[in-house]
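S.K.: Single-letter residue listing:
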Amino acid sequence: MRHRFIYIAQLISFVFAPFFVFAQTENLCSPTGYTILAINGILTNEETAKKNRNSLKNQLPEFFNNESITIDYLHNPSHFAGGGDIAKTVAQMMNDGKEVDDYDLTEMLQSASEKVKTRKLLVVGHSQGNFYANAFYKMAGTPSESTAVYSVATPSSYVAGGGEYITSETDKMIAGLVARVLRKDILPPNTRIEEVSGDIGLTAGHSFSDVYLKYRGAEIVGGIENALGKLRVNSPLEGSTSPTGEGREAALLQVRQQKSQKRLQIFWKASRLL
Amino acid sequence: MDGGNYSDVLGENLPVPSEVEGTPDYDTTIAGLDTNKNGIRDDVELAIFSEYPNSARTRAVLLQYALALQMEVTQGFLNEDIVNAIVEEDSRAGTCIADTLVPRKSPSSSRTYSDIEKIDAHTIFVDEKQFNNTARKTAKDKFYEYMGSYSNSPKPICDIDLSTLPN
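Chains as they are written, first to last, in the numbering used here: chain W, 1 to 274; chain Z, 1 to 167.
Don't read these hints as lab results, they were simulated from the structure.
Mixed in with the good hints there might be a few duds.
Said to hold, decoys possible - The following residues of chain W were derived to be distant from chain Z, with all beta-carbon distances above 10 angstroms:
(1) Asn-58
(2) Pro-61
(3) Thr-89
(4) Thr-106
(5) Met-108
(6) Lys-115
(7) Ser-144
(8) Tyr-158
(9) Asp-185
(10) Ile-193
(11) Val-196
(12) Leu-213
(13) Asn-234
As the list claims (entries may be wrong) - Here chain Z is said to cover these stretches of chain W; the calculated rule only asks that three of the stretch's residues, wherever they fall, bring their Cβ under 8 angstroms from a Cβ of chain Z:
(14) 35 to 49
(15) 119 to 127
(16) 214 to 221
The structure displayed is predicted, hence computed values, not measured ones.
All C-beta atoms, glycine included, are put in the ideal place defined by N, C-alpha and C.
Just chain W, with the same shape it has in the complex (with noise of 0.2 angstroms):
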């Protein structure tokens, strides 16, 4: 009995603890200053998204419009060694357009409302990051005139809210297999960087810092810039980008839910193996 009762509490306070922290950083967030998230892609391992998060990092100013810059990161993590991740990338590109809603979005949404403390957000997205950078556009339920994507690398057939990107005609794997074999109606390259000696295979072309960033960085700071300079902060109410549209509150609501159905889940699932 008193086993019972401990199991009752603890369930209680797993399915509720994201709660307390939403309801923390919800009314935390400034009108002045802006943050940019990184999403990495499944090919790039934790290691080199470090790097690249890094090197975004170091690479863009302090301030932009005499508001600081806080660089961020969403992990986009790989699942069974890699083994599902082709998998998951060929389902999201099927769908692309379409709702994204798995429990890595999820994890990135929660992680996000930890971190964020400004209104005005960027979520820069990298190769298959790109796929979660536009469902975060749209599920984070944050205004839509201080929401932006910029997408580089990008798989997908549009970047969320009309936002910027850059892709070269170089990149073996977006504008060689994916656009060739896979879907041929993601967004056209629109720069072409020269070949790097060395780089080759399959992911020739494609990495975040060593090609783009050391050969397009102008242009994609500049991206970046414009995309910032752009960012308005209105009511919270107001332009939401929430699927509801009921603005903010409710997206995030909708997340908790979400996130609480899901540990549900994982709970009762390795209850039943206990």
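Start from chain W and add chain Z according to the hints.
M.R.: Coordinates of chain Z only, in the frame set by chain W:
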């Protein structure tokens, strides 16, 4: 070292090998030797001093970075929280290197890729010393498997107030 240890930066605790016993084998374990107990592997510390004998500021920022890298391979237990906390230290040290050795012209100006290469040259110098064999590289790879959505550290970017150093 965390929080600033000026004597380490000035070389007052440098783990110089004894002339009698000769140079020890620094590579027998992943952690290696840390005879002065400052968290930085002795051979890496000596390499930084050898490369930058005339710049205490350069040594300070590189030693901070080396300390973070050493933490990546000396944890008894790994989980996402531990790894994220160490990656935050690593990134903080990287920013300290960048802002100290290759500062932006102004806070509102971006860096060129040439600037990034100068920053990378410093970090690669320490990376190569730190992860100088297969066992250490493997330990680092295992460490990064646990990395998640790490954040920016709330601490000041450099452990030491660099303006107080002589050169």
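S.K.: Are the hints correct? Go through all of them and say.
M.R.: Hints, verified against the model:
1. Asn-58: violated, 5 angstroms
2. Pro-61: violated, 5 angstroms
3. Thr-89: Answer for W:Thr-89: holds, closest chain Z Cβ roughly 20 angstroms.
4. Thr-106: holds, 12 angstroms
5. Met-108: The claim is violated: W:Met-108 sits with its nearest Cβ about 7 angstroms from chain Z, within 10 angstroms.
6. Lys-115: With a cut-off of 10 angstroms, W:Lys-115 comes too close to chain Z, as the shortest Cβ separation is near 6 angstroms.
7. Ser-144: Consistent with the label, W:Ser-144 stays out of reach of chain Z, its closest Cβ about 24 angstroms off (over 10 angstroms).
8. Tyr-158: holds, 25 angstroms
9. Asp-185: The claim stands: W:Asp-185 keeps its Cβ more than 10 angstroms from every Cβ of chain Z (closest is about 31 angstroms).
10. Ile-193: Non-interface label stands for W:Ile-193: nearest chain Z Cβ at 12 angstroms, farther than 10 angstroms.
11. Val-196: holds, 13 angstroms
12. Leu-213: violated, 7 angstroms
13. Asn-234: holds, 25 angstroms
14. 35 to 49: holds (count 4)
15. 119 to 127: violated (count 0)
16. 214 to 221: Result for this restraint: holds, n = 5.
Consistency with the previously given hints fails for numbers 1, 2, 5, 6, 12, 15, ordered from lowest to highest.
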